[in-house]
Structure formats: structure tokens, C-alpha cells
Amino acid sequence: MSQKPEPRGATRQSLSSSSSTTKTRLSTSFHFASYLRDHQKTLLESFIRLLHDPLASMMTMMVIAIALSLPGGLYVGLKNVHSITNQWDKQSIISLYLFANVEDTKALSLSHQLSSRSDIVNVMYVSKEEGMRYFEKSNGYEEILSALPENPLPIVLQVIPSYEVTIETLPNLESLRDELAGVQEVEYAELDAQWLHRLASLLSFGERFVYALSLLLICAVLLIVGNTIRMAVESRRDEVLVMKLVGATDGFIRRPFLYMGFWFGILGGILACTTILLVSWWVSTPAERIIALYQSDFTLQSFNADEVVLCLTMSAFVGVIGAWIAVNRHISDIELQ
Amino acid sequence: MEIEFQRVGKKYETGQEALSQVSFHLQQGEMAFLTGHSGAGKSTLLKLIMMIERQSHGEIIIDGEDLRALHKKYIPYHRRKVGVVFQNHQLLFDRSVFHNVALPLQVSGADPQHIGKRVRAALDKVGLLGKEKYNPMALSGGEQQRIGIARAVVNKPQLLLADEPTGNLDPRLSTEIMNLFQEFNRVGVTVLVASHDLSLIARMHHRVLTLNQGRIVNDGGFS
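These protein sequence lines are chains A and B, in that order.
Here the working numbering = 1-based position in the first sequence + 334.
Here the working numbering = 1-based position in the second sequence + 326.
This is chain B alone, in the form it adopts within the complex (with noise of 0.2 Å):
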């Protein structure tokens, strides 16, 4: 999926202009990092793709779609073509683990014989496949982690957000949950992670967005 910005801005209603003229073409199956102080409007970025926030100018284009055109009733199933993973998981811990990484393809009326079958697969791709009928609480940081990603990917979405997904996780843990959007993405999902964990983004190879206070200042390979 392909995420275009043009010149967009987005000024929230207390005055603070979270991001301006923010310009980037993001390639089908391409896989780039944003950066920037916190603050800088990297999560902003993100609310702006997933349609949590609307931008105040310019365009968003994704997978061909002008965001701005869209009315707001179709926002769900605009979500559904986007996996996003969170610093604080989302995660609900009144159910188990198979029933949180279901809860997307039950929102979207999937059959339940076939979300049996994607839930595994999803839970398999990120090493817990033997934990589905745990409570994620009673699982480590680092797994909670993993359960998130597995309800971001078992739609099968061509977009993988990712908001500061490494934020609580020590290096090795980062390291592997970067390997798994790496994985993700060489199967063809475009991915977009936020991070300000800049070691680990420079050993990863890929493009990189520097926000700062709301501006895009560097886009390239990592510097």
C-alpha cells in the first residue's frame, strides 16, 4: 500500500501545530523508520494515517484513496486495511490471547472457522503459538509486545504502523521485534515504524524520516 503526504499540516484546536508541510511518498512494500524528539509529531503522523486525527491542510493519499474525501463512516474499513502496534499494547485483559488477536477479524464479520485457522498462523508468525489460551497479563513485556503485532497482522493488511514499539522492551527484545517487521515487510507490507531508538534504527538499513517540531528535516538513509 502506498502512503502519499503532500504539504500537510495538522493544527490541533488548543493552537498547537502539531505538523507543517509535511511532504513523503512511501512505496508499495517499502519499509522506513520516523524519527524525532518526542513531541516532534511522530505519533501525530501515524493518527493522521490510521484517521484518529484529520489534518488541517493538505493531502493524504493512501492506497489511491484521498483521505480527505473520506466520509467519516467509511473510517472503520479504512482501518481494517492497517495493522498498528502500540508502545502500550492496546491489549485487553479481560480475554485471552487467541481472543485479543481475533478481535480484528471479529469486528469485521469473518467467519469463525477461518479465524481459528488466522489467529494461529498470526500467533505462530510471532512465536506464541503455544500461548493462545493464556491472559496476556500473565505474559512478559516483550510477549505483550508480540501479541499486538500478531492483532496488527492477522487481517492481513498492506500497511503495518508501528508507535514506538520497542519503547518498554530491552535491546535484544527490540531487536527481535524489529526483525519482525523486517519479515512483514519483505513479504510485500509496506511498513512505517516510529522510534526514537536511533542505534537500532541505523542497523536496520532502511529509510528514514527525521520529524522536527512538526517538520520533516531529513528523509533518506540513515545518517
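So that you can see chain A by itself, here it is in the shape it has in the complex (with noise of 0.2 Å):
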């Protein structure tokens, strides 16, 4: 392609071929501006052919809402119960179990050693006696512990760690915990947080599976869109065939197929956000209720700005994206012959 590439508007400008330069940073900027107009003239029309027929616009509205509503509820479901952990009891304990030679003063002084670290809030020391008298006040332990002839409990240091207990600061807790059971005097080092173990992986299982349906149902949306909009380029064939013929380039036949499938996707992901607000607040009531049995103070959390616009942005692109691919497809079909 050794040609020069021929500007927009040139044949407009010029009859002759010897257009200057003037004309053609003219024609340049004239170029740009009408391109303007007539994105702008696209996206109006576009929307105004969505109307000229309102049910079948209005139902492809409905599938992409309910595919993205889904994955959306969902996501709304799981920011609760985030929330709802956070505000749970926050305190943590890690128990260090002494060896038994462990001497009292020993164990003192590695208790006050301890104390003094910035991510150690408190250690309490629990004695042998102690713990003893801890268990005997539990019911069935008395007669067993009458029977030994020996204290068999280990000092305790029981250490409250100066990070709040949440599915983030997990991982610190438990490298605090591991470096604890390297001090020579710990014989063993537990950490009370098993259920939040457990409970950050059923999260983060309710995550990975709200991902993997969000991307099925984008996948979903996608070929709603394409085939909505494949049915549009073949209703329109003809005109694509007469404005392939007085020299409409590829990009300015796809534009008002483009504009559809964004449309499509903005109203969609519009009609989902107002699904789950008007769902979210439908529950909020109930929900409230329940959860303040357990505790005080919980709001239901619904979409917020930032989640609605990351929402209708998301469903914009898949709109464009998906009409991108049918049009691509089925404009390089129809051919002048």
C-alpha cells in the first residue's frame, strides 16, 4: 500500500487532485468535527430505532437485566456477610503452652518480655494452680484430677495480639502465632481462630463462585447482544448494500450497530441495578431483624455509586463488545455482487 491514504472530505473539497495544503489540514479538522456530529446523530438515532420496536428492544432489555442482576445479588450477599464479620467480637487469643520444666520466674520474665512487643496488646499468665482451679470448676474433671498424684498442666501464656480479628489480618495473626512457637520455652502455640479459618474460605468458595457466574453470565449477555444485533444487520442489509456502494467505510456502517448494543447494555445494567436496589431493600427489613438478634446495630448493605456505575460501565462495554463481534461478523457477509 504505497498509496497515500485519501482524507475524509477530499473529493468534497476539491474537484481537481491538486488540493493544497491548506485545504487539507481544513478538510482535517472539518473531518473531525463532522465525525463528531455524526456520532453524536448515531447514538440519538440508534436509541430512537430501540423504540421503534419497544417489545423486543424492551425484552432483550430484560435477559442481559436478569443475567446481570444475578451475579449482582450475589456479590451483594457476599459484601453482607463481610460486613457482618467485621463487626463481629474482635478479640483474638493466642495460647502458649509451656513446656512442663518451664520454671515460674522463667515464664514470668518471657510473659513481660512478650508484653512489651507492639503487636502484643496484653499477655496473662496462668499458672499451673491455676489452671488447675480453672478445671476443677469444669463439671466431671474433679475426680480425674483427685486421682493424679501430680499437677500435669503446663504454664499458659495467654496473649492478645494487638491486631483486630478480621479475614485480612488472618495471615498476620498466624505468622505471629508461628513465631511464637519458635521461642524455646513454647511447647505449643494455638490460635482461637479456627472459625474465621474456615469461615474465610466458605468466603472466599462464595467468591470464586460469584466469578465464575458473573463470567458465564457476561458470556451470556454477549450472545444476546450479538444476536440481537446480527437480526438488526440483516433487517438492514439493503441499506448496508447501497451505503457499501456510495463508499460508507466498515467503521461508519458498524457505528449505529455499535450504538445499539450500547444501548442495549446501559439499559440492561440499569434495569439490573434497579432489580437489586428495589430486591435489596425489599429483604433489608426482615434481614435487619434477624441479624440484630445476634447483634446490634447492622445496616444492609446495598449497591453503592462507585458499584452502580462499576455496574452500568461493565454492561455498556459488554453491550459495545458484544455488537462489535456479530457486526464484524455479518457485515464482511453482505457483499456488493
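Hints were generated in silico from the structure; no laboratory data involved.
Nothing here was measured: the structure is a model prediction, and the numbers come from that model.
The beta-carbon is built from N, C-alpha and C at its ideal position, and this holds for glycine as well.
You can trust all of the hints, since none of them are fake.
Computed beta-carbon distance windows for the label pairs:
| id | chain 1 | residue 1 | chain 2 | residue 2 | range |
| --- | --- | --- | --- | --- | --- |
| 1 | A | 608 | B | 459 | 40 to 48 Å |
| 2 | A | 386 | B | 453 | 29 to 37 Å |
| 3 | B | 438 | A | 390 | 24 to 32 Å |
Computed cross-link-like contacts, DSS-like style, restricted to lysine-lysine with a CA-CA straight-line distance of at most 27 Å:
| id | chain 1 | residue 1 | chain 2 | residue 2 |
| --- | --- | --- | --- | --- |
| 4 | B | 457 | B | 443 |
| 5 | B | 482 | A | 375 |
| 6 | A | 375 | B | 459 |
| 7 | B | 399 | A | 375 |
From the derived model, a few chain A residues whose C-beta atoms are all more than 12 Å from chain B:
| id | residue |
| --- | --- |
| 8 | 431 |
| 9 | 448 |
| 10 | 449 |
| 11 | 459 |
| 12 | 470 |
| 13 | 474 |
| 14 | 494 |
| 15 | 519 |
| 16 | 530 |
| 17 | 564 |
| 18 | 655 |
| 19 | 658 |
| 20 | 662 |
Fit chain to chain and form the complex, with the hints in mind.
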């Protein structure tokens, strides 16, 4: 392609092929203005075209909305579970069981040493006797303990870390536990956060489930938009042919269909967001009543402004991509013969 | 706009050889007829100029540009320089006469303020000024053909092609249409009309290229 690109509008600017530099520059700025104007016009026209067949357009949008509100709704559910767990009791304890041969003085100095660390708030010293007394209070242990020749319990240091216990700080807590387990006097260190561990795994499973579902349903939206656009291209076959004949670029021909995809996407997204907001408003009262039985001040969270914007951007984007795929496939099928 | 064919051949994928060794040169501002039996290659020749088809052999030089070297993405810009009229009009019946004629201008991104003027000027030339708001379906065959011509010239092309433009018209209307082409030619537009209406061609006194089985068998005045 050694040919110079013919600027759009050059034929209009000059009847002869001797277009001067000024003319080229003029036509370039002219071209850009007309390009923008054309986009504006096409945006509007493609919206009006949707209204020509309101029932069919509405059905396509509803399908998109349903496909998008499913993962959106699950996402909102997951977000609430997250926020509930973050409001739970934030205390956690690492219990250090010392070796039986560690003496009281040694254990006490270790306790002081630990409590001076910045990542530890407090260390509670539980002597062998205190441990014994604790067990004696529990039902059923008295007889067993009295039968023992000597106190078998070790000294226990109960460490309260300065981290708040959340799913996010769990790795920090675990590394602190591992570090403390390495201390010479410590036989065994136990982090009292198994429940949190299980919850974290459950939530990460939930998250992945939502991601996978979102991906599948986004593919479904691509197919829905693609199919609708394919039919639109087919119904405007004659127009596409004539436009090719009078010198329309592929971009020009593609444009109204891409905007159509955009409208399907964004209107479907608006419907999906509305559905999610309405449903979460509808379930909020009973849900809050249930949660209030376990803890105070809980308000059900729905989509916030950022998430609405993200959802709409994504749905518009998916709409355009779906249209792009369909248009590219089908416009090249329509050839002047 | 000049057209130059040098030993051009076109073989379709089906193996059918539509054109072979076609050479001719049409000067800037010249008017010529392309004639021959149906299937002689008239339409194929016009399609090559429009780049609807691409040649298998030889060189086609239009306005100094070798079409073989023209990349696919520049085809639309090439087509904007050529006005074309078809026997079956290729009009869109979902819009008015005005919007049919305006299409080439919209496609090339013309200023909407100019579109109105240019469309009316083109409709005026073909004598349909009062009918811009009509649907083409409501007009007669001859009028529909004139809409097609208005659309072909609205962009002020330097080359006008017509493929059997009078195919469905009675002799009086046909003469009118041909006279229109002649008028455009008079203001400097190069015109190439494919037609098998020999009696009409004879009356026009222009150069005639005769095709037979894909070859030019006669090039000259009508004999």
C-alpha cells in the first residue's frame, strides 16, 4: 500500500486532485467535527430505532438485566456477610503452652518480654495452679484430677495480639502464632481463630463462585446482544449494501450497530441495578431483624454509587463488545455482487 | 477523471472468465458507451472500476491511481469519487427521496448545512425538485431512476458510471435519461454507460466499446 491515504472529504474539497496543504488541513479539522457530529447523531438515532420495536427491545434488555442482576445480587449478599463478620468480636487469643520443665520465674520474664512487643497488647499469665483451679470448676474433671499424683498442666501464656481479628488480618495472626511457637520455652502455640479460618475459606469459595457465575452470565449477555445485533444487521441488509456502494467505510456502517449494543448494555445495566436496589430494599427489614438478634446496629448494604457506576460501565462495555463481534462477522458477509 | 485499462482480465472463482485482455483509455471528460450481449462482461467491467470486484490480470489506472495497489481500506474513498447508477436503482424505500439522495454526503461526513443545498441542487438537475419529501415507492420507474442519478451526482464525482440505466424504461424516458448523462458530460464529467439499447446509442454519437465474450471487439464511433 504505497498509496497516500485519501483524507475523508477530499473529493468534496477539491474537484481536481491538486489539493493544497491548506485544503488538507481544513478538511482534517472539518473531518473531525463531522465525525463527532455523526457520532452524536448515530447515538440518538440508534436509541430511536430501539423505540421502533419497543417490545423486542424491552425483551432483550430484560434478559440482559436478569443475567446481570444474578451475579450482582450474589455480590451484594457476599458483601453483607463480609461486613457482618467484620463487626463480630474482634478479640482473639494465642495460647502458648510452655514446656513442663519451665519454671515460674522464667515464664514470668517471658511474659513481660512478650507484653512489651508492639504487636501484642497484653499477656495473661496462667500458672499451673490457676489452670488446675479452672479445670476443677468444670464439671466432671474433679475426680480425674484428684486421682492424679501431681499437677500435669503446663504454664499457659494467653497472648492478646494488637491486630483486630478479621479475615484480612488472619495471615498476620498466623505468622505471629508461628513466630511465638518458635520461642524456646513454648511447646505449642494455638490460635483461637479456627472459626475465622473456616469462614474465610467459605467466603473465598463464595467469591470464586460469584466470579465464575459472572463470567458465564457475561458470556450470555454477549450472545444475547450479538444475536439481536445480527438480526438488526440482517434486517438492514439493503441499507448496508447501498452504503457500501456510495463509499461508506466499515466504521461508518458499524457505528449504528455498536451504539445499539451500547444502548442494550446500558439500559439492561440500569434495569439490573434497579432490580438489585429494589430487592435489597425489600429484604432489608426482615434481614436486619434477624441479624439484630445476634448483634446490634446492622444495616443491610446494597449497591453503592461506585458499584452502580461500575455495573453500568461494564454492561455498556459488554453490549458494545457483543455488537462488535456480531457486526464484524455479518457486515463482511454482505457484499456487493 | 481518466480511466485506463491495460490487458485486464477477470476470472471468477468458479472458473468463468468474464474479461480477458481488455485495454482501452477513456480521457478526462470523455463520454462512451459500453455495449454487448448480456454476459459479455459489461457489468464486470464496471464492477472493476468500482472495486466491487478486483481484476485477476492487468492494470486499471483511474485518476492516476493503480487500483491493484489500493489497499482494501481505501476502497470507500475511491467509491466516493465515482458516481454510479444501476438498472434496479438500489434505492431505500424506508426513507424519503431527499434522504436517499443525501446518503453519499452523509456517508462522507458532509456538513448538514451543505447537505440540504447539495441535495436540492442534484434533484433540480434531474427535475425532481418538488418531490424531495416523497417516498421513492410513490414515484414512477423513470422518476426512481432519476433519484438514482441524483444520488450518483450529489457528491460531484468526476466519473459517472451507469449499468443499463434505461433497462426498464420506455424509449422517451430512456432518451431523457441519456440526455441527462450528456449534460453531466458537458460540464466535464467522464461518463461511461453500459447499455444494450443499440438504437439509442446510435443516436447519441459517442464512442462505443463493444464487448463480446469478455473481449473488446470494437472501439470507436457507432457504425
